[in-house]
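Chain A is fixed; fit chain B onto it per the hints.
Protein chains in written order, with my numbering: chain A, 182 to 443; chain B, 2 to 184.
By construction, these hints were calculated from the structure, which means they are not laboratory data. All clues stand as given, with none of them false.
Straight-line Cα separation of at most 30 Å, BS3-like style, residue types lysine-lysine; simulated pairs:
| hint | chain 1 | residue 1 | chain 2 | residue 2 |
| --- | --- | --- | --- | --- |
| 1 | B | K42 | A | K269 |
| 2 | A | K325 | A | K272 |
| 3 | B | K93 | B | K104 |
| 4 | A | K269 | A | K325 |
| 5 | B | K50 | A | K325 |
| 6 | B | K50 | A | K272 |
| 7 | B | K50 | A | K269 |
| 8 | B | K42 | A | K272 |
| 9 | B | K42 | A | K325 |
| 10 | A | K326 | B | K50 |
| 11 | A | K272 | A | K326 |
| 12 | B | K42 | A | K268 |
| 13 | A | K326 | B | K42 |
| 14 | B | K50 | A | K268 |
| 15 | A | K269 | A | K326 |
| 16 | B | K65 | A | K268 |
Have a look at the derived ranges for each label pair, beta carbon to beta carbon:
| hint | chain 1 | residue 1 | chain 2 | residue 2 | range |
| --- | --- | --- | --- | --- | --- |
| 17 | A | D264 | B | K65 | 28 to 38 Å |
| 18 | B | G61 | A | E203 | 51 to 61 Å |
| 19 | B | E22 | A | D264 | 31 to 41 Å |
| 20 | A | S248 | B | K65 | 22 to 32 Å |
Don't be surprised by glycine CBs; every beta carbon is placed ideally from N, CA and C.
Spelled out from the first residue to the last, the chains are:
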Amino acid sequence: MLPSATGDGEFHGPSINEFFPEAVLFAGSPFEINRIMLIRFLAVAVLLLVFWLGTRRMTVIPTRFQSIVELGLNFARVNIAEDILGKKDGKRFLPLITTIFFMVLFMNITGPLPFLNIAGTSVIGVPLVLAVIAYVAFIYAGVKKNPGNFFRNALFPPGVPPFLYIIVTPIEFISTFLVRPVTLTLRLLMNMIVGHLLLVLFFSATQFFFFTADGGFKLFGAGTLVFGFAFTLFEVLIALLQAYIFALLTAVYIQLALAEEH
Amino acid sequence: MFNAVIAAAAETETRNPLLPELYDIIWSGLIFVVILFFFWKLVLPRMQKLLDERAEAIEGNIAKADDAQRKAEAALEQYTAQLADARAEAGKIREVARADGQKIVAEHREQAVAEAARVTASAKVQIEAERQAAVVSLRSEVGTLAIDLASGVIGESLTDDAKASAIVDRFLADLEASEKAAK
Chain A
182 MLPSATGDGE FHGPSINEFF PEAVLFAGSP FEINRIMLIR FLAVAVLLLV FWLGTRRMTV
242 IPTRFQSIVE LGLNFARVNI AEDILGKKDG KRFLPLITTI FFMVLFMNIT GPLPFLNIAG
302 TSVIGVPLVL AVIAYVAFIY AGVKKNPGNF FRNALFPPGV PPFLYIIVTP IEFISTFLVR
362 PVTLTLRLLM NMIVGHLLLV LFFSATQFFF FTADGGFKLF GAGTLVFGFA FTLFEVLIAL
422 LQAYIFALLT AVYIQLALAE EH
Chain B
2 MFNAVIAAAA ETETRNPLLP ELYDIIWSGL IFVVILFFFW KLVLPRMQKL LDERAEAIEG
62 NIAKADDAQR KAEAALEQYT AQLADARAEA GKIREVARAD GQKIVAEHRE QAVAEAARVT
122 ASAKVQIEAE RQAAVVSLRS EVGTLAIDLA SGVIGESLTD DAKASAIVDR FLADLEASEK
182 AAK
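So here's chain B without its partners, still in its complex pose:
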C-alpha cells in the first residue's frame, strides 16, 4: 500500500514537500497573527469575563443568602426589642392609670366627706333655727294657754297684758329652773 504511494509519488516530476514556498510561509504567518490577535484580544477576554461573572454569580448568591439571613436576624432582634419596649410602656401606662385612679378616688372621697360635713352642719343650723322658732312660738302659745286657763280658774280676765306676761315669764323661768334642777 505504502509502496504504491511512494511509487505513485515517484512517477511524476516531484517537488519536495519539506521545502516551503515563500507564499506558504507568508500566508501561514498572516493567518497565525490574525487568529492570535482574535483569541488574545477578543475571544479570551470575553471568556474570562464570563468565567468571572459566573464565579461572581455563585459567590454573589452565597453572599446574598448570608445578607438575607443577617437582615432577618437583625429584624427579629429589632422586633423583640420593640416588643419589650411596648411591654414596658404598657406597664408604665398601667402604673400611671392606677395612680391616677387612686388619686381620683381619694379626691372624690374627700369631696364626699366635705359635702357630708357641710350637709350635716347646715342641717344642724336649720334644726337649731327651727328649734328656736318652736321655742319662741311655744312660749307665746303656752303663755296664752296658761293665761286663758288661769283666767278661767280665777274667773277674772287677766287682761292686763303687762301683768300677765310677767306672770308667764316667771312661770316659765320657774319651769326651766325646775327642769334644770331635775336634770
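So here's chain A without its partners, still in its complex pose:
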C-alpha cells in the first residue's frame, strides 16, 4: 500500500481512498471483499488459531506458549473486567470484553505489520459495530439491573440542585446516550487512519527523497526514514493502547450503568 513516486518527478502523498481499495470478490454486493476485508480475515484467522492452539491442552504448569496466551487472557480478565466490574459482573461480561479487546488488538496490529500495512480497524465498520455493541451492552446491563435507577443516575445525577436539572439533564443525555458511541468509534478509527497516513507519508517521502529528489534533498530521506521507523514502533504501542482503551471504556460504561449511585 505504499504509493511511491512514479518516476515522473512528482510526489504522491497518501490518500483517504486507500481505505476503500478495489473489490477482490463479490464487487457491489453486501459481501464485497477487498484488501482490507482480507486483512481482517487474516487477523481473525490468526486470532482463532493462537487461542485455539494456546488453550487446546492447558496444563496446570503452563508451557511457554500457554503462558503467553494466559497472560493475554488474564490481562483482559483481571486488569480490565475484574478491576472495573468486580469478580461477579466481571465474569458476566468477560466474553464481551475479551472479544472486544482481542478483536481490536489483532486488527490494529496489522497496521504496522510489514506487507499488511493497514489496520483492519482503519475502516469504520469494526469501530462502529463494536461501539454499537458496547452501547447496547451498557444500556442492557443498566436496564436489566434496575431501569429506574439506571436512568435516574444517568440523567438526574444525585447531589445536583433540582433547578440545575434543566441544564444538567440534556447534557447528561447527550454525553451518555449520544456522545459515548461516537467517541468510541472515532477515537479508534481516527487513530488507525492517521497512523496509517503518517506511515505512508514518511515512507513515500523517503522513497521520493532518495530516488527522485536532487542532491541535498536526498539527505531529508534519512530523516523521514528514521521518523517512519520510530512511528512504526509507536503504532505498535497505539495498537495495544487503543485496544485496551476500547475494552476498558466498555467495562467502565457497564460499571457506571450497574452502579447504585455515582
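Chain B only, in chain A's frame:
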C-alpha cells in the same frame, strides 16, 4: 506535515471515511459474532477450567498434607495403643506363668512328700519284717546254742526235743520278762 496529509487527501476525489459501506458493517458484525462465540464457548471455559484446576491443585495439596498428617497421627495413636496392649498382654502372660510355676512347684513338693512318706513307710515295714525274721531265727539259734551248752554242762543230751524246747521257751520268757523289768 498534517497539512500535507490533508492536502494529499483533498487532491483526489475523496470518499468520506465516516460513512460505512454495507459490506464493511456486515463483515465486521460477522467477525464479531465469530470471535464472541469463540471466546465465550471455547476459550474462556477452557481458561476457567484451568484456573479451577490450578486452585484445586493448590487446595488439594494443602488438603493432602493435612490428610497425611492426620493419618500419621492416627497411626501413631494406634501403635501406642497396640504397644500398651502388648505390654498388658505380656504382664498377664507373666502372671499366669508365675502362678503356673508356683502350682507346679507345689504339686511336685506334695508328690515328693508323699513319695518320701511312702518310702519311709515301706522301709519301716521291711525293717519290722526283717526284725521279726531276725527274732525268729535268733530265737531258734539261741535255743540250739543254749541246749548244746547245757548239754555240755550237764553232760547229758537233752535230746528230748519237746522237753528241750520247753526249757528254752521258759528261759527266753524269763529273759524277756527280766528285760521288761529292767526297763
